[in-house]
Amino acid sequence: MRISITGCGIVNACGNDYQAVAQSLLSGHSGISAIRGFPTETHPVKVAGIATRFSAHDAVHPRFVAKTDRFTHFALAASEAAMMGAGIEMKLLDRSRAGIWFGNNSGGWDICERGFKEFYRQGVEMINPWQATAWFPAAPQGFVSIRYELTGCSKSFVADRATGLVAVIHGARSLMRGENDLVLAGGTEAPVTSFGATCYYETGEVADVDPARPVYRTLGNDVGGLVLGEGAAVLTLETTQALLRRQGSSLADIVGVAITTDPGAVGYVRLAYAIRQALAQAQLTPEAIDIVFGEGNGIVSCNAAEEAALWEVFSATKNPPLYTSIKGYTGHMYGGSGATEMIAALIAAQYGKVPATLHAEKAQPFWRLPIATEVTTLKPRHALIIARAREGVNAALILQFSH
Amino acid sequence: MSDVMSVIRQSLIDLGIPAHEITSQARVQGDLRLDSTEAVQVSLDLKKAFDLSIKIDFSTDPMLTDLVRLVELQLVVKTA
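So the sequence lines, in the order shown, correspond to chains E and L.
When you line the first sequence up against my numbering, it's residues 1 to 403, in that order.
When you line the second sequence up against my numbering, it's residues 404 to 483, in that order.
Simulated from the structure, these hints should not be mistaken for laboratory data.
It is possible that part of the hints are untrue.
As the list claims (entries may be wrong) - Simulated crosslink set (BS3-like; lysine-lysine; CA at most 30 angstroms straight-line):
1. L:Lys458 <-> E:Lys46
2. E:Lys91 <-> E:Lys46
3. E:Lys379 <-> E:Lys353
4. E:Lys117 <-> L:Lys458
5. E:Lys353 <-> E:Lys318
6. L:Lys481 <-> L:Lys451
7. L:Lys481 <-> E:Lys318
8. L:Lys481 <-> E:Lys117
Produce the entire structure from the sequences given, and follow the hints as far as they go.
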């Protein structure tokens, strides 16, 4: 398997583009902050990774702003950056062979919450006409399709915390099956509204963080939970043949992917199997992996399962890979995560520096792999990306860089 | 500019239509390319402003001046 990443677009709490996010990750500057978009005095969620510098009016075609929700705004902005970065010439593109494979876990709540208020305060006739189309999780796929008139095979995915990476993997597989020549893959999430954050809080997995000290300890032993984040990451994926035809260039190649399911939150055997499957598809041994951009999300059971799976695969290697989690910078973005970790790996390869896991000096005691507690000089040849959902869905993807 | 045209104009601007395209002779579909949901939003804005139920009939692709006339007529009927 070899699928080329040819462009990327990213929006999150660290910034609105690749350079801003790179600067944030490599300087150890987190985007986690106290929520100011709705009153939090009595709300259980008070801290999140919020894209405070993002303006839909600056980044999205004006005809799309009113009728789409914030998570679609992110997706449209990230898609535009990815298409531009890849140098896709729309005149030469066979749009019937260009698809969109996005993940989104929980839809859009900005417009939906407004619709609830309209319904209860003004009556059924006054509900805004976008209540349904703006909310539903396939909206980003639909509006990006409309924006670029792309009609290739496309799908949207919901897979809890693994949503984004699952979408990328299926997008890559659609290229391998010959369904498309170009795929926009990744995902988006905007859960930081009063109702949206409440839904996530009810999972019992959101950390209780003091807004006066807004930090996300992804590997920490003193919080035990995740911090929500909002944002999107989109990659343009192309087959080697398609890339050669248009004489484009590759940022990195996806060389192995796998999706498995463990029976429940604490099992790890199938996650280890997913990593081994991805390695086998890439025709690599565990020694080849230089760095892991992990799920690492602060939830003790999830971190323990991920650690156990990684140890099972890599403990016998002479030089186990360096592990890092970047969610302490952005928050967990569910649909927006996964592709974000992949872009972080691109940043590491470009700069020869691995972003530090924030606050890892107080890591949970079970971690045995080396952790990037500070920015580490390393030019990775292969990176492993991992995502893991609440009920045990695992996704693993291997990137190969040519230096 | 009439009150009705002002409401329609603001509604269209809020939908992202450039102000210079919003003329009394502009047709809702042929020129402004309104889709069905955008037309509903314009109707909702008119309802909020004048408490009238206005349905924009795409089959005739009315000009904005036609729409203004329709609303003003209904206002007259309502106050009669």
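Structure-based check of each hint:
A hinted pair counts as satisfied when its Cα atoms are at most 30 angstroms apart, and lysine 458 of chain L with lysine 46 of chain E does not qualify at roughly 43 angstroms. Under the criterion of a C-alpha separation no larger than 30 angstroms, the hint pairing lysine 91 of chain E with lysine 46 of chain E is inconsistent with the structure, at around 47 angstroms. Note on lysine 379 of chain E and lysine 353 of chain E: the hinted pairing holds, with a Cα-Cα distance of about 7 angstroms set against a maximum of 30 angstroms. Pair hint lysine 117 of chain E plus lysine 458 of chain L holds up; C-alpha atoms about 23 angstroms apart against a cutoff of 30 angstroms.
As the CA atoms of lysine 353 of chain E and lysine 318 of chain E are separated by approximately 21 angstroms, the hinted pair is consistent with the 30 angstroms bound. A hinted pair counts as satisfied when its Cα atoms are at most 30 angstroms apart, and lysine 481 of chain L with lysine 451 of chain L qualifies at roughly 15 angstroms. Taken as a hint, the lysine 481 of chain L and lysine 318 of chain E pair is broken in the structure, with Cα atoms around 85 angstroms apart against an allowance of 30 angstroms. A distance of roughly 28 angstroms separates the Cα atoms of lysine 481 of chain L and lysine 117 of chain E; the hinted pair therefore holds under the 30 angstroms criterion.
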